[in-house]
Each structure stands twice: as structure tokens, then as C-alpha cells.
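A.B. asks: Spelled out from the first residue to the last, the chains are:
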Amino acid sequence: MSKKMSKKITRRNMIKSSVAAVGAVAGSGLITGFPAIHAAGTPTLRYLGTAVNMGNEPEKKLFEDTGIKVKYISKTTDDVVKTILTQPNSFDIVDSEYFSMPKLVPSGSLLGMDTKKIKEWGNVVTAFTEGKVAGKTIGDQGTAPKKVLYLKGAKSKEFSKDPTQYVTLIPTVYNADTLGIRPDLIKRPISTWAELLNPEFKGKASILNIPSIGIMDAAMVVEAMGEYKYPDKGNMTKKEIDLTMKIFTEAKKAGQFRAFWSDFNESVNLMASGEVVIQSMWSPAITAVRSQGIPCVYQPLKEGYRAWAAGFALPSTAKGRQADIAYEYINWFLSGWMGAYLNRQGYYSAVLTTAEKNMKSYEWDYWMKGKPASQDILSPTGKKLASKGEIRDGGSYEDRMGSVACWNATMDENKYMVRKWNEMIAS
Amino acid sequence: MNNRKSFFLAAPFYLVFLCFFLIPLILTVIVSFWDYNEYSIIPDFIFENYAYIFNNCFDYSKDVCVTFKTYLSTFYFCFLSWLFTLLAGFTIAYFLAFHVKSLGLQITLFLICTIPFWTSNVIRMVSWIPLLGRNGLFNSFLLSTGIIDDPQEWFLYSHFSVVLAFIHLYTLFMIVPIFNSMLRIDKSIIEAAYDAGANGFQILINIIIPLCKPGIVIGSIFVITVVMGDFITIGIMGGQQLASIGKIIQVEMSYLQLPAAAANAVILLIITIFIIWIMTKFIDIRKEL
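In order, the protein sequences belong to chains B and F.
Residues in the first sequence are numbered from 1 upward in steps of one, following our numbering.
Residues in the second sequence are numbered from 1 upward in steps of one, following our numbering.
Everything labelled a hint here was simulated from the structure, so no lab data went into it.
There's no promise every hint is true.
List of simulated lysine-lysine pairs, BS3-like, C-alpha gap at most 30 Å [claimed, not checked]:
id, chain 1, residue 1, chain 2, residue 2
1, B, LYS384, B, LYS360
2, F, LYS69, B, LYS202
3, B, LYS117, B, LYS71
4, F, LYS69, B, LYS252
5, F, LYS281, B, LYS252
6, F, LYS213, B, LYS415
7, F, LYS69, B, LYS238
8, F, LYS187, B, LYS239
9, B, LYS61, B, LYS75
10, B, LYS246, B, LYS415
11, B, LYS75, B, LYS319
Listed next, the stretches of chain B that the computed footprint assigns to chain F, with coverage defined by at least 3 CB atoms under 8 Å from CB atoms of chain F [claimed, not checked]:
id, segment
12, 250-264
13, 287-297
Chain F is nowhere near these chain B residues, computed Cβ spacing over 10 Å in every case [what the hints assert, rightly or not]:
id, residue
14, ILE68
15, ILE73
16, PRO211
17, ALA340
From a predicted model like this one, the values you see are computed outputs, not experimental measurements.
Ideal Cβ positions, reconstructed from N, Cα and C, are used throughout, including at glycine.
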């Protein structure tokens, strides 16, 4: 019997049956285990950034709209910079902050972004391109985006003062930061940054322990107290750093601070538990405290806001299909759905015209116009953020972004500043 | 011949030790003499990184410098954590080894000691916050019983909370080696001591403690090296207001000031090795193992 069988299995038969078998396997969907076959069809992006723009809903929506799959690599602001410099091949697209540009651009590890490939480039808000909001020039102390936006060429390591075709980052998201307070525990109006060091809040204040951002909040406080007026808070001299740190060191020794925080969640816990009643804080942290049913206000202050801004860049090694996919992703990002998603969390989208089309008019009125909510305001995940009749802290886009006093910064004396900051923590 | 054979047997370990310990260590020492700017480290041979660490340290007209202050605070945490983990660890090990008679119960109780290690150390630390906070369980209990009139703030974000967390985290590191030493003590020695009229205290001082020395030293090395390099516990439990060398190194690394961080790491290493060297003067661990 075996003899008969072996005769029957000719080469031709063999091939036929193998093909049939492979076809059957492929047809029944068993082949998904082979990434090589699969990946050729599905474009995939490795996306390095802080968690701000990352989420399940955007990931799903992106795949629906464009067929692009995104793999998030989430790190802290400082670690994103470190990764760009030390592992430039570990990502396809990066979401970084403008204040990191003075460090990153001279290193040549990022590619100049071609604005001609960005459909909505003409609609990017003027806060980025001209440093203006509603025609009014806003504060530009620190590393304001307009100072580090344009490059002299695609592979240039120098910034250009005048607009060019190539930019460092394609802007995506930005916001104006201020102090967060617990109105139920403070029980009186707060209107100035100086309150952070008010002895009334001894042992109940906090500031963030990220030197490059903390120093800016500290400078806002020092200036508000009338101790010193900085020519440029975002680029202090050694003497100015000494002065700022001295005031904060004395406050720290006197027990002004309950704790310092360096992680978003820590700031939420400090505030929600009532350990701290006034502190530097980020907008989504306020949202997180509020969604626990605890009153928390992102208090507008008369000296203005400290702003930050982020955008997309490609590693200098990017080319070909991978680069095209990255540009396609950026164009999707600015096309509206994502802008609405960001606006609904209290951030601002870099292209507002498309975001508006993706928001209900009552949402737009609440988040952007500073009007009282005509119905309950929900977060993108469906949690209630504000009840009918409430107004957004700080009011409209023009009111908030128009009152920006300074931007997150990298100073010339950065090395010295970090050392002095460490000394304050150690004191 | 025999020598060569044992060399080959030990070779894989030598290799691992070389690749993952010695070479990185040598690189760290080399980089500590390099220069740096915002985005890169520059090969050089400068002492600036070390000079900065000891800047103003030998100027006695001024306050204690940051580096000395930071080390003093680290030593302080080290001493207190060592003392309390030793007392707690020794007591628990003593109870397990000499008072629990059945082996099954011994193993069960020992495993119970390891339960906290089933979660990460950060979670173990964070779980103290609702207990110790201003509106935490401790304060509400003390307030409701009338023992205190105002919430106590020193429970959390203080030296107290840091030491408490260290004890919670690292007592097991003391229990294990001490328990191990105690199990090796020949019971007949203790019986002989009883027969000769020694009381429990004399047995503890003259027999058990001397024979547990290797376990105590090994446990102490674990605790001291971990506490010397720690920055997470001091950060979370101290509200990031207390200095630690580890935190300084971490901040420097996150700003890519790698040579400065390397210099700090080298000094920390030298000091830690020195402490361990002193401890091994008290007992020859190799001989005792």
C-alpha cells in the first residue's frame, strides 16, 4: 500500500496540495500570526511623546479614518528629549515641546518639517506663527514658539527669524497654565501668583519639582510679590536665578510647602486629599480632581498665564514611506476630530477652524467663547466636567491665551539653574 | 588541572560580571571626567564635575555645603532605617526560629512576611498616604478620641514617614539572612547553656547574637546599600522636600548632565563601599558562609 501511495505523490501533486493548504489557512484567517505579511498592508507609526495626545479613542478613530496603526511610547517631558538625543531610531514621529528646541535643534537629531505637506498650515493659529491672539501680541518671555518655529532650511541647525518653508515642530496642542486652588478650603478670592508664598497657606502649598517649568512659576511669584522685575523670566542671569532660588529656599525652610510634585498624578492626589490647597497645576489635573466631585479651580491671575506648546517632528533619519505615513498622520491630527478631542479636555488645538466643525455649538461656546454652559459639559470619555450655567475658569480663548505672560523655557544658564534648583530641594 | 577546571566553571559568571558590572562602572568613572552641554557629552579630562560637588564644602565660614548636607541627611536615614529594621528583623527572626516549633508553621509565617512584596514598592509606599495624611485615618482616629486637637502634619512628608516606609519596605531584607543564621545554630549548644544554668537573656547575648553576626552583617549591607542609593522612597514619602543623593543624580540624568551625574555616582559608590568595608572588618563574611 505504501508503495502505491508514494508513486501517486508526484511533484506536481505535491505543489497543488500545498497551495491548497496555504490557501485554506489564509482564507480561514489563520495567517494573522505573520507580521511580515500583515505589516506590508497596514502602515504603523511608533509615536513617542508625553501622554497628552495619546488615548484609545484617537487610536481607534485614526485607524477608521486612515488605516494607520499607531504604537504609543509614552514618556515624561524630560525623557522624551533624552530619547530623541540618545535613541533617534526608536520612533517614527515625536511629540515634543517647543521649549526643548534650543536643545534639540543644534544636535541635528530632528528633521525640518515641510509646511507645504501640511494641508491646514494656513489655518494654524497666530499664537504660533506670529505670537498674537486676536491680533494682540501676547507675552513672549521664555521660549515662545514663534522664536523657535522656523528653520533656515530642511536640515538646518539654526532658527530663522523670518517665516520659511521649514519648521521645527508642526504645532498640535498648547495651553495656558496657572495655579490650581481648592476654593472650598481657601474660602476667599485668589487673584495673584504671590499667594503661593502667602504665610496663610503655610504647609498647604506646593510647586512642581521639574526645574525648567518650576522656575517659571517661581519667577511669576517673585515678580508678583514685587521683589524683582525680570527683563526676561525665561532667560535669567545667574544673579536672577540666585535671587529667585533664595526666596523659594527661605519659604521652603519656613515650611511653606507641603510637598513638591513631579508627576501629574501626584498633583491630583495632593489636591484631592486636601494636603495642599494652592499649587502649580496642569489643566487635565484640575479635570481629574473635579471628576472626583471635589471643587477645584484653575484660577486666572492678574499677572497672566505661563503657557506651553507642543508639536510633531520626525527623526532626522526618517524617509520614504515611513515619513509619508507620518505626514499623513499629522494631516489627520489637524483635520478636526482630534482638535475637538483636545479642546474638550481644556487644551487648545493648533487648528481651531477644523476643530470647531467637529464640536457642538454649545461645547464651542463653553470651551472657546467663555459663555455659560447651556447644558452639562462632558469630557471625551463621557464624564461630567461642568453643570449647566457654569463658566470655564479664565473664560474665553482670547481671555486666556491673550493673557499669557511667559512660556516654558530653556535658559542659557540652564546648567546653573538645574544645580541651584537641586540646592533648594536639598536645603 | 583542578584550578583550570574551576576557572572554566566560574567563567560564565566572570563574563556576566565583566559585561554588566565592571565595564559599565569603568565607563561611569571615565564619563565623570568629561564635559557636557545641553545635548551631548564631550570627551575631555576635567575635574569640574567633582570640583562643583565640593564647591564651598571646605569653607568653614559658611553654612554646611549642599553635598555634605545631603550626605548627612542620607546617613541619618540610613542609620535610623538600619537600627529599626535590625531590631524588628532580629525579633521576628528570633520568634520564627526559636518560638515556633513546627516547621510547617515556620514556613507559613515566613511566607506571610513576604506578602507585601507581591505588590510594587511604589504601591506599598503610596498606601501610607491615606493613613498618614492631614485628613487620613490616623489623624481622624486621634481627633475623634480626643488625643489631639488639631491634625498632626508630621505624620506625612516628614523624616518620620520616610523612615517608616523604609522599615516597612526593607525589614524582610534583615529577616531572611538573620533567620537563615539562626536556623544553623545547633540546638544542642543552647540546651548545654541551659543545663549550665544560663538564663534566656544570657543565651541571647552570649550565644545567639554572636552566631547570628553573619546574618546581621549581610542584612545590614542589603539595607544600607539600598537606602544610600534611594530616591523614590525619600521622594514620595518626603514630599520631594528632603534631599537625597539619588534624587540629585536622577535630576542630573534627566537633564542629560550625565558627567555630573557620573561624578556624583562615583562618590556615592566610594562612600557606600567604605561603609561596607568597615562592616566586614567586624566579621569575615566569606569565612562564615
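A.B. asks: Where does the structure disagree with the numbered hints, that is, which hint numbers, in rising order?
C.D. replies: Numbers 5, 6, 8, 13, 16, in rising order.
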